[in-house]
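Throughout the sequence shown, residue numbering follows the numbering used here, covering 1 to 250 in sequence.
Because the hints were derived from the structure by calculation, they are not lab data. Just so it is clear, CB atoms sit at the ideal spot from N, CA and C, and this is done for glycine as well. Treat the hints with caution; some may be incorrect.
Restricting the straight-line Cα-Cα distance to at most 20 Å, the calculated cross-link-like pairs of lysine-lysine (PhoX-like) are [to be verified]:
no. : residue 1 : residue 2
1   : Lys142    : Lys178
2   : Lys192    : Lys142
3   : Lys200    : Lys178
4   : Lys142    : Lys112
5   : Lys200    : Lys235
6   : Lys192    : Lys124
7   : Lys124    : Lys112
8   : Lys124    : Lys142
Beta-carbon label-pair distances, calculated as ranges [said to hold, decoys possible]:
no. : residue 1 : residue 2 : range
9   : Asn17     : Tyr154    : 14 to 24 Å
10  : Ser208    : Cys151    : 27 to 37 Å
11  : Tyr154    : Ala45     : 44 to 54 Å
12  : Val90     : Ser33     : 24 to 34 Å
13  : Glu204    : Pro51     : 43 to 53 Å
14  : Val70     : Asn91     : 21 to 31 Å
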Amino acid sequence: KKGFGEKDPHVAAALNNLAELNRIERKWEDSESLFAQALEILREAFGETHPAVGTALHNLAGCRLAQDDVDGAYNLYAKSLERKEATLGVNHPEYATTLYHMAEVLCRNGRKSDAIVLLERSIKVSEEIGAAHTDACLRRLKRLAQLLWDCEEYERAERVRRRILDTLEHMVGEDHVKIAGACESLALVLMKLERLDEAKSLLERGASILSRTRGDGSGLALTSARLHLAEVAWKRGNAPESLRLIRQVV
1 KKGFGEKDPH VAAALNNLAE LNRIERKWED SESLFAQALE ILREAFGETH
51 PAVGTALHNL AGCRLAQDDV DGAYNLYAKS LERKEATLGV NHPEYATTLY
101 HMAEVLCRNG RKSDAIVLLE RSIKVSEEIG AAHTDACLRR LKRLAQLLWD
151 CEEYERAERV RRRILDTLEH MVGEDHVKIA GACESLALVL MKLERLDEAK
201 SLLERGASIL SRTRGDGSGL ALTSARLHLA EVAWKRGNAP ESLRLIRQVV
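Produce the complete structure using the sequences and hints provided.
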């Protein structure tokens with residue numbers, strides 16, 4: 001403040017960093033106050049339509065959400081989205097990020113169908129800007145798949161989980177341990193859809209990966225895969241195979 005003046009954007013950046021530290025330490029009131037101060041400085045320095053104002057609104061919204069002020073958080077995220085759309089455009093990673101957080105707020109309010117719409121928009125932006133094979137987009141795909149599962153929209157969930165598997169194969173290769181989890185998640189949807197042969201193939205692939213990477217018989221993930229294989233065998237009327245797989249786990 002002495003070097004730049006109390007209303008300088010450098011001060012806003014410092015306030016934002018301090019606010020983030022307080023947020024991590026769960027000092028919500030202090031964090032919110034600092035985020036709000038940073039926002040006011042940026043408004044005065046750059047005007048209401050500057051991208052930095054949109055980012056500051058986003059930060060303040062996250063602080064409100066952490067305090068369970070769901071409506072307040074959503075309104076701030078919505079304002080942030082408006083600023084980002086006006087200044088950065090809809091094909092920008094920050095626009096996609098705010099859509100994702102708005103979807104999370106809607107989930108907290110029990111509005112899962114509306115959250116699905118925003119998540120799909122967020123993912124579409126990521127794909128259009130060439131960020132489909134990133135951790136951020138993968139995280140959004142996983143969240144979308146879970147919401148579709150929760151809403152019992154299994155056919156749509158299957159398509160999303162196939163995209164997750166394809167994305168992971170592109171990012172980490174076909175034999176990485178993360179592939180096993182994606183195979184199991186997709187298999188569970190296929191089991192709901194009574195497509196047991198496909199589910200069995202995916203579960204066997206996941207179990208094989210886990211056996212090679214973690215050692216045969218070890219790990220909760222391998223146990224889970226074998227239990228689901230036992231369930232598939234039971235559903236197909238193969239009780240001896242189901243019991244054999246259960247004995248492997250026990």
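Hint by hint, here is what the structure shows:
| no. | hint | in the structure |
| --- | --- | --- |
| 1 | Lys142 <-> Lys178 | holds, 13 Å |
| 2 | Lys192 <-> Lys142 | holds, 18 Å |
| 3 | Lys200 <-> Lys178 | holds, 18 Å |
| 4 | Lys142 <-> Lys112 | holds, 14 Å |
| 5 | Lys200 <-> Lys235 | holds, 11 Å |
| 6 | Lys192 <-> Lys124 | violated, 27 Å |
| 7 | Lys124 <-> Lys112 | holds, 18 Å |
| 8 | Lys124 <-> Lys142 | holds, 14 Å |
| 9 | Asn17 <-> Tyr154: 14 to 24 Å | violated, 44 Å |
| 10 | Ser208 <-> Cys151: 27 to 37 Å | holds, 32 Å |
| 11 | Tyr154 <-> Ala45: 44 to 54 Å | holds, 51 Å |
| 12 | Val90 <-> Ser33: 24 to 34 Å | holds, 32 Å |
| 13 | Glu204 <-> Pro51: 43 to 53 Å | holds, 49 Å |
| 14 | Val70 <-> Asn91: 21 to 31 Å | holds, 28 Å |
Hint check: violations occur at hints 6, 9; the rest are consistent with the structure.
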